[in-house]
Amino acid sequence: AQSVTQPDIHITVSEGASLELRCNYSYGATPYLFWYVQSPGQGLQLLLKYFSGDTLVQGIKGFEAEFKRSQSSFNLRKPSVHWSDAAEYFCAVIPNNDMRFGAGTRLTVKP
Amino acid sequence: NAGVTQTPKFRVLKTGQSMTLLCAQDMNHEYMYWYRQDPGMGLRLIHYSVGEGTTAKGEVPDGYNVSRLKKQNFLLGLESAAPSQTSVYFCASSLVRNTEAFFGQGTRLTVV
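Quick mapping for you: the protein sequence lines, in order, are chains X and E.
In terms of this note's numbering, the first sequence has 48 at position 48, counting the first letter as 1, and numbering is strictly consecutive.
In terms of this note's numbering, the second sequence has 1112 at position 112, counting the first letter as 1, and numbering is strictly consecutive.
Since the hints were made in silico from the structure, they are not lab data.
Please note that a few of the clues may not be correct.
[What the hints assert, rightly or not] Which residues of chain X face chain E? A few of them, derived with a C-beta cut under 10 Å, are: (1) Q42; (2) G104; (3) T108.
All of these numbers come straight from a predicted model, not from anything done at the bench.
Yeah, the Cβ is synthetic: ideal placement off N, Cα and C, and Gly gets one too.
All chains, full assembly: derive it from the sequences and hints.
Structure below.
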């Protein structure tokens, strides 16, 4: 079945440590790819997106993501996590006309 | 600029009651979406619209109906609410298919 998979339900990192959140998709063609962040009680905010071209994309708040076609992956990274990054992160794809989301990864930041 | 506005923000329904959730966007976007968010399941697409007068089913359309009579509004209806429809509902819009989606603040619905 076609899907978006975020293998990590919950990740805890120390403030200042690096972060990588994983996302894999299973659609035939390369879809449009996105990462969104949701703070508690809020809607979703776009972090970054990939349509084509350079496979390393930069987003807001110091986040970046790398598209790897061979692995059908679009992993999100940040070199140094801040306490304000604690939130839930969603990977999303647009395979056709509709946007589909992964189940999300909740990030906890330890002091 | 209000962006995407959802009303109401909270609602408690009894089983079998009906209600309509309203989503309004002021960005002249063509695409609009309704999602439900449940713990551990991310956002699942209920219905979407690619323009005024059009609607299409998403992943979990059963028990819901939608209408897009005006470009700026996308209504989600529950004809006979069930406890399984307890969820947080999000509306989103995007200019065209492959652009950023803007989300409303959500509607927390409880069906008892």
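Verification of the supplied hints:
1. Q42: holds (7 Å)
2. G104: Check passed: Cβ of G104/X comes within 5 Å of chain E, closer than 10 Å.
3. T108: violated (16 Å)
When the structure is compared with the earlier hints, a violation turns up for hint 3 alone.
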